[in-house]
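If you follow the hints, you should be able to join the two separate chains into one complex; please do so.
Just so you know, the protein sequences line up as chains A and B, in that order. Sequence positions in the first sequence follow this note's numbering and run 1 to 354. Sequence positions in the second sequence follow this note's numbering and run 1 to 327.
Just so you know, not all the hints are guaranteed correct.
[As the list claims (entries may be wrong)] Computed from the model, here is a short list of chain B residues facing chain A with C-beta under 7 Å: (1) V34; (2) K35; (3) L70; (4) A259; (5) F261; (6) A267.
It should be emphasised that the hints constitute simulated quantities derived from the structure, not laboratory data. Think of the CB as a built atom: it goes at the ideal place given N, C-alpha and C, for glycine as much as any other residue.
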Amino acid sequence: MTERSENIPNTEPGAHGSKNEILLEMENINVSFYVQRGVIRAVKNLSLTIHKGETLTLVGESGCGKSVTAHTINQLIPMPPGKIESGSVKYRGRDLLKLKKSEIEALRGTQISMIFQEPMTALNPVFTVGEQIADVFMSHQKMKHQEAFSKAIELLDLVKIPSPAERAKSYPHQLSGGMRQRAMIAMALASPEPGLMIADEPTTALDVTIQAQILDLLSDLKKKINMSLLLITHDMGVVAEMADRVVVMYAGSKVEEADVYQIFDEPCHPYTLGLLNSLPSNPKYKNSARLEAIEGTVPDLLTLGDGCPFANRCTYVSEICAEVFPQAVDLGKGHTVWCHNYTKIDRSTNVEQD
Amino acid sequence: MNRIDRNTDLLQVHGLKKYFEVTSQGIHKEKREVKAVDDVSFTIKQGEILGIVGESGCGKSTLGKTVLRLHEKTNGSVLYRGKDLFAKNRREMKDITRNIQMIFQDPYSSLNPRKKVGSIIGQPLRIHKQGTTAEISKRVEHLLDEVGLNPRYRGRYPHQFSGGQRQRIGIARALALDPDFIVCDEAVSALDVSVQAQILNLLLDLQDKHKFTYMFIAHDLAVVEFISTRIMVMYLGRMVEMADKDDLIQRHIHPYSRALFKAFPAANPRGRASREKIVMGDVPSPIDRPTGCHFHPRCPLAESRCKEAYPPLREISPGHSAACWVV
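Just chain B, same shape as in the assembly (with noise of 0.2 Å):
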């Protein structure tokens, strides 16, 4: 499991927050804010898988696309290997992109329709001028090959591939320029478990191959525990608990990630008799977030402190720490 060695922070992240505007529909338009990320901050070493879970609305998918520029910061800073990636404009930052990738959910929407295979994962290649046309089409050849492809599909169509097939699609076009740091955005949920085994497998043999940085977005659970080195957990915007995975799994103490770890269902069916039912209600809508800690309407240990004020960010143990006044 020794990936790499994992001293250079690659990405620092500090008190990001991303803030959408909304306006209410109705006689009276009233604008408000979504506060999608809020003063997130951390870091990710080189050659690290951090996972990032949470459910529908926590902020993990505004985080990783913030996270690599494609929305505008609200505050904070987001420095890659030191250098602050809103501070570049737009002919230094393509110089960065290069380096930084993103793979999407949806295999579907992703993939422009209207484009040939070879096209689309060759397109990157043409925007920042990586050798020519002949040189550009056998590197699209050998991108196909590693991810699992007949190179031989590069003029066919995206529709003309199963959602699997597609996911690879998009792999190869966030290889294509040879990245070291690569944002999963929830890169395996809309594919089959069969698949979803196979397309994880790939990208843990993509990272031991070119020594990728991966940020995991998921909200499986299972998932998340197995690809990740380092685990996130996210609730409305905010960070709530970040730990190494081992250490995750043994002692998830806010909360929240208690519920979370006891709501997966295991995959063994003799767990269920004692499985303790999780009464919580539903996740609150981000527009209108719980005064103090976000997650006391559904906490089953809040105390009057926790309506208050938000808990600071505590460390627990050495790489491990949550947000909650009461744990």
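Only chain A is shown next, with the shape it has when bound in the complex (with noise of 0.2 Å):
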């Protein structure tokens, strides 16, 4: 299961640096939340692997349990109501789940960092955005407060804030959304060598000539400092842009595992097909008059059984679905599928023209 992008050819604009050697590695998480109704399981036996200078994309709906696993990595969970059951995370050798608080926040300063959806509400308000950044520098390289804030302007200008001196002197408010997130990602590369940026849903909150622009600059960013990328996403449009290797999420366990070309290309399960087929702009739809849209709803997570999360609403659903979760079927070329129906999905495109 480790090894994978090896043996496709290096076509994807993203693909350089040595992509063997793996920078994170998550194995068997299990993270439960302990609520008063009962106990949500919101990541299932999960086990991820981040390769150095890659991006992985973490795709899935609201409530897959993707912004809890990245949580888990950082170690951002709230614990209560949350638990990190089981399971390690390796990051260059280092379990983080063992590591003592003050060694986690090192980490997150110099080597994991995070961007987030609203960069308002990430950003403080009664500081400037160069002083916030100033201040990742004071702390973990102990630097002086005028070296650091020079350094902070430097971090604007390389993520392509207009007049960085000027606007270092600005208070979050002051910035427009785009310019808040651009803020944000230098405040993320505040540190000597970033091996990890975990974005999660950096541009849904950006409209769209904004988010061109952000996804942009994350992949020149990714390029110039060779770190990896762990992209949380709902929008597939934003997975064909950005990633390497495409995980898809679905009620907390991972349902595919493939290159973003393979994902694309064939799909083999019936979530990440219908996923697909719910984008209006597949062109599959450029004459028809319908979607084929995934019908119901996501389960509950508090009263799930133990089979397949997705059974209730798959057209390619049997007996055993509802009983046994699916083992990993490996497709070769690091394509891995959890269904016990994958040789049964029906891909074509041609749908009914109107």
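Here it is, written out as structure tokens:
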């Protein structure tokens, strides 16, 4: 399971650096939330590998556990009610779950950084953005204020904020949404060797012309400083734009994993196929009057049984689906699917024309 | 795709303006105007789905609300079936509002959390005195069924439903009085993509059945492209381009429309290597719109005249118009 992209020709625009070196390895992570109504198993038996310099996207709908997965890595899960039940998260060989709080904090500021969906709530409103970025340098690298502040201006320039020296003196509310997100990215880069950037829906709150620019910025930066990116999104368009490899999640479980071309060309899980078919921009709908929607709704995580969580919405469902969660099926070239009936899937692109 | 005959103008909008007054904070309080909708004219023909697309702050939602007189206009006129909406008094307006309805973006805040679903959907029927309690109750059950919800759920509260189901409740409420014209304001934006597809299909099914006319407001170009028959692109209060859907997809002339189409991520990883980068900065504040053409500071084609005056709307081909000096 750990060896994949090696066999694939490096044609992806994001391909560079050594892909084989493993940066982060999550194994068998289980995260639960203990709430009044019961236990929510937000992430189940999840394993992930992020290689150096690669962009891994976690894609799925609300409540599928993609943010919880990200928060497990830098341990931002509120405990209680949350609990990491089992598993390990190895970053450069060290198990993050066994580190002391102070060690984790040091790592968060220097190697694993995070950008959030809503930059207005993630930035501190009473400090200028320059101060906030400088603060990272001062606390983690023991820099003097003046040096840290000029470093902050350099970073604002790196993320292409116009007139960075003046903007560094602006408060978050004085910046537009796109500029705030750039400032957030600058803050995430405020370390000597950024290894992994976790971006949790970084463009969801932004307009589409701004989104395009932020995505461009992220791919440029990734090339420039050879960091890895864990990108969390619900938008298959963003996946198509950014991903090297894709993990599709549904109701807390990984259901398919493959490189981005395999996901779009040969989706093997009915849910992945359903997601692609739900996109109005899918070229198959050029002359069609209806979308092929996935019927039904996401199940309640509190009452989820042991079977495949997608069973109640799946067109290919069989008896076994409701009882047993499927084993991983290795389709070669790093493509893995968790489905009992993946062989039956119908990928024909011709919908009934109106 | 032949939906209905499209000869009658259902809605005629002429030079519609909606300005909001804002007071700046600070010591020197200063009154300024946000020109949310600025001189917009268009018609909607019966049975048509007019998509309105633009980024936040472009005035698309204000336009939708002003067209239904949920906002009073600043200037201009809105004729619904030839009758001026803004010339009506409250009683006359009530007769018209039966036929014009709205579906809102946020299915969480647009339903009263303290009322049962049956009561929410039945409210328009009670306000307009459409039958006895028993008749209304029967109609509510029918409406729930029509939007794909179990009629037994009528005694539940909104929080007991998922986002997609709540949006169905909002749709049922809009259908209650059997309207002709429905404004959908970002009706699917808050939904997950698989649920979004269900709701889009539902809106189209309902349109086929009841011959509705929709004004479909969204920021998501793919959704607007899919559902609309005609598309209007808005930028900072103005209409910058309008054309039939297929025409616009093939030829988007205005530099802003081009940027919008270019920025929209295609559902195909193979496109990304060839995709042109857009470098155009951020949307300016609607309070401080740039002079001349509002798009000129971000426009790659801007010339000196673009800074001086706003370009008039020009017809490029029949049914296709754009407001740009250069192209």
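The hints, checked one at a time:
{"no.": "1", "hint": "V34", "in the structure": "16 Å, violated"}
{"no.": "2", "hint": "K35", "in the structure": "19 Å, violated"}
{"no.": "3", "hint": "L70", "in the structure": "24 Å, violated"}
{"no.": "4", "hint": "A259", "in the structure": "6 Å, holds"}
{"no.": "5", "hint": "F261", "in the structure": "10 Å, violated"}
{"no.": "6", "hint": "A267", "in the structure": "5 Å, holds"}
Of the numbered hints listed earlier, those contradicted by the structure are 1, 2, 3, 5.
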